[in-house]
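Protein chains: 2
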Amino acid sequence: MAKKQLIMEKALELFAKQGFEATSVQQITDHCGISKGAFYLSFKSKDELISALIDHFMMQITSDIDYIVKNTVSDEKLLYAFYYKIFENFNDHSDFAKILINEQTQSMNAELFSKIRHYDQLMEKNILLMVERLYSHVDRSIKYDLVYCIKGFMSMYSHLFLFFNIPLDLDVLCHSLVEKTNLLAKHTTLPFISEELMRIIEQPCQEEATKEQILEILTQKLEDIEEPIEKESLLLLKQDLLNPAFSPAIVKGLLENIRHNPHCKWISFLLRRYYKL
Amino acid sequence: MAKKQLIMEKALELFAKQGFEATSVQQITDHCGISKGAFYLSFKSKDELISALIDHFMMQITSDIDYIVKNTVSDEKLLYAFYYKIFENFNDHSDFAKILINEQTQSMNAELFSKIRHYDQLMEKNILLMVERLYSHVDRSIKYDLVYCIKGFMSMYSHLFLFFNIPLDLDVLCHSLVEKTNLLAKHTTLPFISEELMRIIEQPCQEEATKEQILEILTQKLEDIEEPIEKESLLLLKQDLLNPAFSPAIVKGLLENIRHNPHCKWISFLLRRYYKL
DNA sequence: TTGACAAGTGACCTGTCAGTCATTAGTATA
DNA sequence: TATACTAATGACTGACAGGTCACTTGTCAA
Chain A
1 MAKKQLIMEK
11 ALELFAKQGF
21 EATSVQQITD
31 HCGISKGAFY
41 LSFKSKDELI
51 SALIDHFMMQ
61 ITSDIDYIVK
71 NTVSDEKLLY
81 AFYYKIFENF
91 NDHSDFAKIL
101 INEQTQSMNA
111 ELFSKIRHYD
121 QLMEKNILLM
131 VERLYSHVDR
141 SIKYDLVYCI
151 KGFMSMYSHL
161 FLFFNIPLDL
171 DVLCHSLVEK
181 TNLLAKHTTL
191 PFISEELMRI
201 IEQPCQEEAT
211 KEQILEILTQ
221 KLEDIEEPIE
231 KESLLLLKQD
241 LLNPAFSPAI
251 VKGLLENIRH
261 NPHCKWISFL
271 LRRYYKL
Chain B
1 MAKKQLIMEK
11 ALELFAKQGF
21 EATSVQQITD
31 HCGISKGAFY
41 LSFKSKDELI
51 SALIDHFMMQ
61 ITSDIDYIVK
71 NTVSDEKLLY
81 AFYYKIFENF
91 NDHSDFAKIL
101 INEQTQSMNA
111 ELFSKIRHYD
121 QLMEKNILLM
131 VERLYSHVDR
141 SIKYDLVYCI
151 KGFMSMYSHL
161 FLFFNIPLDL
171 DVLCHSLVEK
181 TNLLAKHTTL
191 PFISEELMRI
201 IEQPCQEEAT
211 KEQILEILTQ
221 KLEDIEEPIE
231 KESLLLLKQD
241 LLNPAFSPAI
251 VKGLLENIRH
261 NPHCKWISFL
271 LRRYYKL
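Line by line, the protein sequences are chains A and B.
When we follow full-length UniProt numbering, the leftmost residue of the first sequence carries the number 1, and every step to the right adds one.
When we follow full-length UniProt numbering, the leftmost residue of the second sequence carries the number 1, and every step to the right adds one.
Hints may contain errors.
[Unchecked claim] When the alpha-carbon atoms are kept at most 35 Å apart in a straight line, the in silico DSBU-like pairs for lysine-lysine are as follows:
1. K46/B - K10/A
2. K231/B - K186/B
3. K85/A - K186/B
4. K77/B - K231/B
5. K44/A - K17/B
6. K276/B - K17/A
7. K46/A - K115/B
8. K186/A - K151/B
9. K265/B - K77/B
10. K85/B - K10/B
These are computed hints drawn from the structure, not numbers from a lab.
Full structure from sequences and hints, please.
Put into structure tokens, the structure is as follows:
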């Protein structure tokens, strides 16, 4: 299991520098100091590696953002917190962010492509939720334009510090983008993206995970977790999933216990969605 | 020469669908109905093909935009005309636009990468020029943010019609973006991109073409052009380049004669820059 | 009809890749 | 020490890539 992590870390560096296609398995294993055969003990294929990388990082950022959008109390601070968490993630995992930007190409495996698209749609949904909450008083016909502008800001400004080595003042950046977003929300009168257009764009998003799927992931995660409180919280959540007994408050508390462990972010996201918290 | 064009057209389709790396020379020649050997009669390598494609389309759009920014009289209409020309180009040459978006990766040949970057910088320069002209009365510290927001709008909204087959109402789109841009220009108080930051980003842009380089391109183009007025205009421009005699008005008129021929857009751009028109 | 020459062909060359598997090294138990 | 087992190795395979070149075809004028 530690080998798997080593490979993921080292491969990430190479992918960010040279791109996915241009990096051979041999290069990765050389960089890890292991043999080519050892690679295939950890991953069934090169595609499975990139797939694991995408899942690992996108689950984290998706659940982070989901938590912020659903749990930030103050409307005032929500947009700032959103931008901050996005850029903080991009900054902390800049190698992955570079891959994500450079490897948008539809040339890659169709399965990987739809995986990225899936996470993109989850993100878009959360941005829309945020826009609807923050700007409920303004003309609703502009909400999809706002979503796209926010996504545009995210992509242009992350380019800045990802590809030029720039000292990043996150606070200034986020305040600047909050102002821009609020300006557009307040004054825009001519939207481009109509409800109808949005319906064309939005392919049906994947179903929510079933209880059985969540249970499976949860059971698997139980083995990885060492920390006693987190382990017990997970165990109790599993029991409640099989045999509902706890009140929402208790469930929420248990989820709170685990959400800061990187390994638990995704399962925590799935459970929040399952319990509609 | 016609063979070259055939290859470029057919390759463009495949590149847009599958990506550059994922398309083999064999596939291209099959799609053209020619042999692999014939490909190498027209292009020295696969890289030279993609390089030719980039030049062909980027020269056109760069010179189109340069002309609009430098020759649109009405401030009112400039921004609209800019957006319109951009999206019109992306729409007309959507296969190329897709390649440009998908193939930003630094994994490609370094020479190709810097070629794209060079055109990107020319475009950025023109956007900056436009921003400085249109918003000379507002706080100048926000001008670089405006440039980046304009680029963000361009990229997000072109995604919409490039990757989802959407009926495009260019007029509504451009009015909408003009409004957004003007709003940001009018009300923004918290810029993020400072003069200093911009200096870090801006690597020295390539030198302007020398008189000799322009002459060489001009002489070569003369052979391709059939239309008598355009041919004579080019010939006169060549004479003036060797032996300055014409007044600016005459030179400008001659340039006007040729600028609508797609083959002449680039040489017309170079000459405009040379004569500082 | 001939011969000269450009245009076009596709089998072939060399290199690289993802992925396999017979073998070996390491380790823990009896 | 012997045995049983897993972890790890790297030479190897087959597929396919970009690029070459000896050869064929087509088209002229003489």
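Exercise. Straight-line Cα separation of K44/A and K17/B no greater than 35 Å?
Worked result: OK: K44/A and K17/B at ~27 Å, within 35 Å.
Exercise. Taking 35 Å as the top limit, are the C-alpha atoms of K85/B and K10/B close enough?
Worked result: holds, 25 Å
For this session: Compare the distance between the alpha carbons of K77/B and K231/B with 35 Å, and conclude whether the hinted pair is satisfied.
Result: holds, 32 Å
Exercise. Is K276/B close enough to K17/A, meaning Cα to Cα at most 35 Å?
Worked result: Answer violated: K276/B to K17/A is near 40 Å, above 35 Å.
Exercise. When you check the alpha-carbon spacing of K85/A and K186/B, does it fall within 35 Å?
Worked result: holds, 28 Å
For this session: With a cut-off of 35 Å on the C-alpha distance, tell me whether K46/A and K115/B pass.
Result: It holds: about 31 Å lies between the C-alpha atoms, which stays within 35 Å.
For this session: Take a quick look at whether K265/B and K77/B sit within 35 Å of each other, Cα to Cα.
Result: holds, 22 Å
Exercise. Do the alpha carbons of K46/B and K10/A lie within 35 Å of each other, as the hint requires?
Worked result: The given pair, whose Cα atoms are some 31 Å apart, holds under the 35 Å limit.
For this session: Decide if the proposed pair is consistent with the structure: K186/A and K151/B, CA atoms, cutoff 35 Å inclusive.
Result: holds, 22 Å
Problem set entry | Satisfaction of hint between K186/B and K231/B, Cα-Cα up to 35 Å | violated, 47 Å
Against the hints set out earlier in the document, violations occur for numbers 2, 6.
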